[in-house]
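Student: This is what each chain is made of:
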Amino acid sequence: MSAAVETDLLGRAETQTPDRNYLYTLGRLGVIAILVAAWTLATRVTDLVPAVNETVTTLADGFVAGWVYPHLVSTVRAVIGGFLVASLIGFPAGFLIGRSHWLGQVFDPLVSGAFAVPRIIFFPILLRIFGVGESAEAAMAAISALFPILITTAAGVREVNPTLVKMGKSLNLSTWQMVGKIYVPAAAPSLMVGFRIGFSISFIAVIIAEFFAAKAGLGLLVSRAYGLLQLPRMYAVVILIVLIALAGNLTLWLFERRLRAHVA
Amino acid sequence: MSQTVALGQVWRRPRVVRWTLIAILVAGLEAVTRGGLIGPLTAPPPSVMVAALARIVGTAQFADDLGRTAFTIGAAFGIGFLLGVPLGVLFWRVPVVARVLEPFVVTLYAMPTLVFYPILLALMGLNAGPIITIAALMALIPIALNTMVALRGVNPVLHKLAASVNCSRPQYYRKVLVPAATPLAIPGVKLGFIYAIIGTIAMEFILASRGIGFRAGFNYRDFNIPEMYAYVLVVVFLSVSINYALGALERRIRRDML
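These protein sequence lines map, in sequence, to chains W and H. Residue numbers for the first sequence follow our numbering, so the first one is 1 and each next one is one higher. Residue numbers for the second sequence follow our numbering, so the first one is 1 and each next one is one higher.
Source of the hints: derived by calculation from the structure; they are not laboratory data. In this text, all values refer to a predicted model and were calculated from it rather than measured experimentally. Glycine included, C-beta positions come from ideal geometry on N, C-alpha and C. A hint or two may mislead.
What the hints assert, rightly or not - Partial list, computed: chain W residues near chain H (C-beta under 10 angstroms):
1) 27
2) 108
3) 125
4) 165
5) 231
6) 232
Said to hold, decoys possible - Here are the in silico distance ranges between beta carbons for each label pair:
7) 174(H) <-> 32(W): 46 to 56 angstroms
8) 112(W) <-> 47(H): 25 to 35 angstroms
9) 40(H) <-> 261(W): 50 to 60 angstroms
10) 54(W) <-> 129(H): 38 to 48 angstroms
11) 31(H) <-> 176(W): 35 to 45 angstroms
12) 13(H) <-> 32(W): 46 to 56 angstroms
13) 66(W) <-> 221(H): 47 to 57 angstroms
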């Protein structure tokens, strides 16, 4: 499977050439232009949508005047804290469940059942335990990101070529050597998927949690601006949230694709 | 002697281990809440949660909330399905579109789509519309992507066969593509339904005046802790059992059609 070959609708292989990639980039920029144009059009139609330039100026003002920083810092701290906790539990647990057939049988139904539950429903419980604040948001992120990380890790470990495992055993590698030299390199693309999805989900969970109850955070900023009908400010923060999600996710996604091409 | 061996095997059965673990957790929670290690404002004993649940289930309000939530989920999934499948077909027929939109679709997954809620609220008004829109958007993505992947995975021989027997375009879609792609597209449909549930409950929780998700948040703010836990239990029970039913349906369809 080479990454450069795409099949067209009749199943024929279609090779990508660099100048076509350039066209795709152009098309993507076109999509962004269409979105901005639609926004401009919406501004003309309704008073509830502020103009593009007004929103951008408000966003810039947020950084210049500084009203955005405390909220941005609070959100980022909660996301990183929650993501770290989810990783510390999720990667090892996923590894164990992926490696042991028996543990897989015991925990797979629980994990796939938990995946279907809207995690935000546990937020009131976390608020009762931690009180309103960053700890509750971080715990929310940890609970949300844990299962996706665990599932992708277990799936990645299960797909590791058994020959590699046998080779490691025949070389009498210690458990830690098996993890470091065989499993992690061979499952790297899946681990990276878990990393990316875990990070995005932590971010989403924190924003949603902040909408419900928070002392600070970008989600709180949006809902507060909405309550006060400060529409330019609300749109500015929404754009900031979208940009953070976009930048973070695309960076990790590109890294993941390079890693996949490297391993394959 | 054979009996002791059999007993030993029973104790190692995954199902037995799993339920034993769950029972130990519930019993442990009952013990620490009754013992006073965890205060009643943090978590009531599980038996009190279940009692609150039993009180709630019969009420007219519960029926109203459940009906509202079920309607919202159904509408969101229906819209997501009706738009997602044609979008998947488009992605498959015109791969350029798929390539151009790929980064946007990938980030839509990573986007807290609910930040658009106030915008939709401003545009559509305070009704079920904004919730349905966001939950439908969440359901649409996996359905479209899986439809595309399923159609790409259709055995190339089938395309040639259809061409050689001079299939008309509707015949080609109905008799060749639908049966061949359905088993592969089903996981995406299942995921779409789960996302419709997650989106609906989450949106109800944040901003709604009716529905199961709203009621959990409402009871939190009203300090009705056992009721709050009861609604959490309702959501967990409903989503896990729907997921299980969809899984069984998926296995059946794949077995019958693959």
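Student: Compare the structure with each hint and give your call.
Tutor: Quick rundown of the hints versus the structure:
Here the hint on residue 27(W) is kept, as its CB sits about 4 angstroms from the closest CB of chain H, short of 10 angstroms. Checking residue 108(W) against chain H by beta carbon gives a least distance of about 9 angstroms; that is within 10 angstroms, so the hint holds. Because the closest C-beta pair between residue 125(W) and chain H is about 7 angstroms apart, less than 10 angstroms, the hint holds. Hint status for residue 165(W): violated, given a least beta-carbon distance of 22 angstroms to chain H, over 10 angstroms.
At a threshold of 10 angstroms, the smallest CB-CB gap from residue 231(W) to chain H is about 8 angstroms, leaving the interface hint in force. Here the hint on residue 232(W) is broken, as its CB sits about 12 angstroms from the closest CB of chain H, past 10 angstroms. The hint said 46 to 56 angstroms for the Cβ distance between residue 174(H) and residue 32(W), and at roughly 37 angstroms that hint is violated. The hinted window of 25 to 35 angstroms between residue 112(W) and residue 47(H) holds, with their beta carbons roughly 28 angstroms apart.
The supplied range of 50 to 60 angstroms is met by residue 40(H) and residue 261(W), whose beta-carbon atoms lie about 56 angstroms from each other. Between residue 54(W) and residue 129(H), the C-beta spacing of about 26 angstroms breaks the proposed range 38 to 48 angstroms. Restraint check, residue 31(H) to residue 176(W): a C-beta distance of roughly 37 angstroms satisfies the suggested window 35 to 45 angstroms. One distance hint, 46 to 56 angstroms for the beta-carbon pair residue 13(H) and residue 32(W), holds here, with the actual separation near 55 angstroms.
Remark: the range hint 47 to 57 angstroms for residue 66(W) to residue 221(H) is contradicted by a beta-carbon distance near 32 angstroms.
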